[in-house]
Amino acid sequence: MSAPAEHPAAANSDAAAHRPARGPRELIFELGAEESRCVEAPAPEGEWEPLEALLGDALRKTPPALPNVSELEIMRHYGHLAEMNFGVDSGMYPLGSCTMKYNPRINEDACRLDGFAGAHPHQPAASVQGLLELMWELQEALGEISGLPGVTLQPAAGAHGELTALMCFRAYHLDQGDVRKRVLIPDSAHGTNPATVSMCGYEAETIPSGSDGGVDMEALRAALAQDVAAVMLTNPNTLGLFEASILDITEAAQAVGALVYCDGANMNAVLGISRPGDMGFDALHFNLHKTFSTPHGGGGPGAGPVCVTEKLASYLPGPVVVRDGDAYAGRMPERSIGRVRTFWGNVGVLVRAYAYIRALGAEGLREVSEQAVLSANYLRQRLSGLFDCPFCRMCMHEFVLSGAAMRKEHGVRTLDIAKRLLDHGFHPPTVYFPLIVEESMMIEPTETEPLSALDAFVDAMISIAEEIRTDPEIVKNAPYTTPVRRLDEARAARTPDLRWRPDPGGLSADG
Amino acid sequence: MRYIPITCEQREAMLRAVGVSAIDELFDAVPDAVRLKRPLALPGPLTEIELSRHLASLAGHNAPATGLVCLAGAGCYDHYIPSVVDHVARRPEFFTAYTPYQPEVSQGTLQAIYEFQSMVCELTGMDVANASMYDGATAFAEAALMACRVTKRSKVLCAVSVHPAWRATLATYAAAASVEVVTSPAEETTGVSIVPGSSTLESLLAGDDVAAVLVQSPNVLGCIEDVAAAAAAAHAHGALAVVAADPVLLGVLEAPGELGADIVVGEGQPLGNAMSFGGPGLGLFACREEFVRQMPGRLAGRTVDVDGAPAFVLTLSTREQHIRREKATSNICSNHGLNALVAGVYLAAVGRSGLQSIARDAVQKACYLKGRLIETGRFAPVTSAPYAREFALRYDGDVERMRSEMLERGYLAGVGLAELCAGSGRPAVLSDQDSVVLFAVTEKRTREELDAFVREVSSL
Ligand SMILES: Cc1ncc(COP(=O)(O)O)c(C=O)c1O
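Order-wise, the sequence lines are chains A and B.
In terms of the numbering used here, the first sequence has 132 at position 132, counting the first letter as 1, and numbering is strictly consecutive.
In terms of the numbering used here, the second sequence has 372 at position 372, counting the first letter as 1, and numbering is strictly consecutive.
These aren't lab readings, by the way, just hints derived from the structure by calculation.
Check before you lean on any hint, since a few could be wrong.
DSSO-like cross-link-like pairs, simulated, lysine-lysine; straight-line CA separation at most 27 angstroms [claimed, not checked]:
no.: 1; chain 1: B; residue 1: 155; chain 2: B; residue 2: 370
no.: 2; chain 1: B; residue 1: 152; chain 2: B; residue 2: 327
no.: 3; chain 1: A; residue 1: 311; chain 2: B; residue 2: 37
no.: 4; chain 1: A; residue 1: 311; chain 2: A; residue 2: 181
no.: 5; chain 1: A; residue 1: 476; chain 2: A; residue 2: 408
no.: 6; chain 1: B; residue 1: 370; chain 2: B; residue 2: 444
no.: 7; chain 1: B; residue 1: 327; chain 2: A; residue 2: 181
no.: 8; chain 1: A; residue 1: 61; chain 2: B; residue 2: 37
no.: 9; chain 1: B; residue 1: 152; chain 2: A; residue 2: 181
no.: 10; chain 1: B; residue 1: 444; chain 2: A; residue 2: 61
no.: 11; chain 1: A; residue 1: 181; chain 2: B; residue 2: 37
With the hints as constraints, model all of the structure from the sequences given.
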């Protein structure tokens with residue numbers, strides 16, 4: 001461990017209390033020994049048919065080179081790895097578009113209850129009524145929150161939800177005898193949007209943003225035609241701005257028979273305040289791992305339920321949960337696009353989101369959005385004098401700053417600022433997204449940060465801005481206090497080392 | 001307020017700092033016409049104690065498989081989960097972190113992924129594995145799309161003996177991408193789809209327009225497919241061999257890579273992940289090195305930092321949506337990273353020798369149970385090919401009734417093949433599958449439990 005304060009260039013912030021173990025460490029493959037064990041194999045119970053007789057030729061000749069490690073070594077290994085990581089529990093994580101809010105612990109307990117975690121997906125429905133009830137209630141709640149009553153809990157993440165919804169759009173259009181080709185997406189959209197469009201066999205067409213940061217209505221109208229299958233929007237958009245002309249947009253799209261999709265990544269801004277269904281959207285995905293507090297897990301799993309209008313509900317993938325009297329069951333919707341995964345959904349994640357919604361109720365959810373928006377505006381207000389704020393007006397739950405001027409004047413990039421924030425004990429904002437703002441920093445504090453953390457973040461940004469003016473090299477070479485320093489990413493890509501390999505001589509005797 | 005630490009006084013001060021007098025003014029940009037003018041119609045809030053009671057009650061309305069003698073599989077398996085696994089997964093530094101886009105403070109996640117990728121390569125005999133897909137079915141579908149990119153063809157051949165939900169997922173993805181899926185039949189007597197030298201496979205491949213031959217081994221009936229023959233046939237016609245494997249069984253079954261597979265996918269749930277009603281699962285995805293730039297999903301790689309210290313970072317991301325947008329190899333962004341971490345911890349905890357004995361136990365006990373069930377006279381064999389941990393039998397009564405009656409007695413008595421195929425919209429595995437049950441066995445089952453099950457089920 002190195003104490004940040006000892007380094008000449010270390011940030012002198014109390015927030016640097018997050019003092020990680022210096023990495024890196026041996027690979028798990030380098031630990032243990034041939035006879036090391038964590039769990040013992042069960043003792044054989046009597047005589048069984050020999051494996052050779054059962055599997056014949058299919059029998060494996062060389063065992064996979066997995067490590068044999070003792071229990072303490074495993075806990076120390078992963079304990080050390082954990083110490084090199086930064087999570088929401090480590091400090092403020094204002095990662096725009098990702099809604100890194102606190103992950104309530106009761107949700108973690110809930111999803112591990114045996115009645116949920118121990119259920120097999122092919123149990124008779126009578127033996128999983130509690131789970132099906134929970135899922136049905138969650139469908140209802142998401143339908144109400146979005147204003148779009150047809151709900152499927154199937155998709156595993158936001159991108160999977162986008163794909164699911166676009167596949168439903170495609171099936172709907174085909175049912176109308178309508179072969180459409182293009183999907184319109186604003187230039188501020190997340191990369192999953194155009195990638196989804198391609199996977200769905202459509203052409204993605206970019207619509208520029210107007211000077212106010214919203215969709216350029218002229219350009220949109222010019223692009224809309226009978227061959228447009230859908231318009232995909234994020235509202236509030238990725239600049240953190242509410243599309244003021246949202247009703248005009250959805251109307252114009254629907255006038256040419258296009259369907260309108262809402263990327264619901266930013267729903268944390270409008271819970272109980274405004275509903276995509278009432279804005280004229282035909283479909284939306286929620287990211288339960290953003291809006292409804294389920295943890296990101298270092299990359300996943302999330303869940304991306306899709307909500308649609310009545311007319312599209314019968315196209316949803318199943319099984320969806322239906323209620324008949326007091327009994328719950330799974331069912332494939334009538335004109336379903338089919339399956340998008342093996343079983344019911346990311347149920348462990350659904351349980352957490354359900355618990356969150358029940359904990360807060362309608363009023364609590366509205367307060368979430370109110371505070372998320374207030375906290376974002378508070379930071380925007382305090383930081384916009386320091387850095388350029390290209391679309392500086394009242395924002396929703398996030399806002400975007402630009403480091404372009406800093407770069408021009410002092411040669412310090414946004415990436416450098418992000419790295420310097422690490423020395424102050426903060427996770428940086430999302431950087432270089434959205435693409436329409438040069439050197440962008442997208443800041444989303446979320447409602448769960450205390451005021452003291454927001455203020456400390458401002459202080460850190462002030463101190464970095466000062467360093468940029470007085471001693472930019474400090475910022476350009478940051479970070480200094482992290483488990484490792486800036487990485488050689490070019491080398492990683494040029495000579496990819498994507499896995500450990502055992503010694504060519506086979507497994508050595510000491511594992 | 002729950003989970004919001006800002007006090008009323010602070011809130012007022014913040015409003016003043018922003019220059020507004022009331023919260024409502026923050027939302028001036030939201031047109032009146034789209035404002036919700038009523039509270040959301042949701043049940044009232046619950047205190048933590050009320051919530052925990054409510055959740056316990058919902059959980060109590062289930063009879064989870066873990067409290068039963070579970071003989072159901074079909075893609076989700078009741079293995080023992082070593083204690084260390086969840087203790088690691090509950091470290092907040094892991095589960096409250098985002099995707100490791102800032103490698104300097106994400107070395108834990110990145111190294112764990114790198115180790116996971118290495119383990120998947122070891123199991124499958126492949127050169128590279130990605131950081132995970134959502135589940136086995138989506139990994140399978142993406143493998144087909146990847147094979148189309150690699151071969152620049154737009155038709156795939158899928159064995160009918162692949163799990164019906166996986167085939168259904170493939171069909172959904174393929175329809176959207178205008179990829180044609182041709183289904184190759186199973187040999188009803190043996191239970192396998194790949195029969196070396198069979199004219200069916202040859203004739204389906206004859207046009208040299210197939211991008212991939214997709215097989216699952218063991219297949220949905222539990223039977224081991226001739227992966228080497230499938231791969232040889234695919235390669236002879238310029239197609240890739242995509243093999244779906246069960247990662248636990250790879251402790252004793254030959255690695256698909258050794259048999260000629262080009263892409264190996266699998267459902268990683270059995271590696272230490274709770275069944276959790278089937279999700280979140282874990283999509284395993286591995287391939288040969290030459291195809292790495294067509295792979296979907298994230299990859300962690302080893303490099304050095306500016307001080308020359310070894311370190312890990314996400315790499316080759318020019319394949320991915322955030323860089324390539326509409327030209328990306330997939331739209332996947334969030335994956336199942338925590339489930340991959342769990343799989344890594346699980347494989348370390350059971351170790352090389354443990355995985356072998358867990359797999360061996362499952363295979364031997366499955367063979368024992370199959371024999372005993374046939375002896376009762378109520379079950380008849382369906383397939384003759386070698387099988388591993390799962391097998392199909394024909395029951396002489398109503399399958400779903402048998403399953404409910406056995407549930408009353410504390411058993412999850414397999415999965416009905418007809419039920420498994422229902423709603424998949426895909427061709428049936430067998431022409432007469434209504435009375436076919438699939439039983440699965442794990443190392444958790446004791447001889448005593450198996451004997452008791454045989455006694456009870458034959459007494460129905
Ligand atoms: C605006 C936006 N859309 C879509 C996504 C994709 O969501 P997921 O990662 O859950 O697939 C994200 C998440 O990063 C996002 O920020």
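Verification of the supplied hints:
1. 155(B) to 370(B): 38 angstroms, violated
2. 152(B) to 327(B): 15 angstroms, holds
3. 311(A) to 37(B): 25 angstroms, holds
4. 311(A) to 181(A): Distance of about 21 angstroms is within 27 angstroms: holds.
5. 476(A) to 408(A): Since the Cα atoms of residue 476(A) and residue 408(A) sit roughly 14 angstroms apart, the hinted pair holds (cutoff 27 angstroms).
6. 370(B) to 444(B): Roughly 17 angstroms separates the two Cα atoms, so the pair holds.
7. 327(B) to 181(A): 16 angstroms, holds
8. 61(A) to 37(B): At roughly 68 angstroms apart (the allowed maximum being 27 angstroms), residue 37(B) and residue 61(A) break the hint.
9. 152(B) to 181(A): Roughly 21 angstroms between the alpha carbons, so the hint for residue 152(B) and residue 181(A) holds.
10. 444(B) to 61(A): Roughly 25 angstroms between the alpha carbons, so the hint for residue 444(B) and residue 61(A) holds.
11. 181(A) to 37(B): 38 angstroms, violated
Hints 1, 8, 11 from the list above are not met by this structure, while the remaining hints are.
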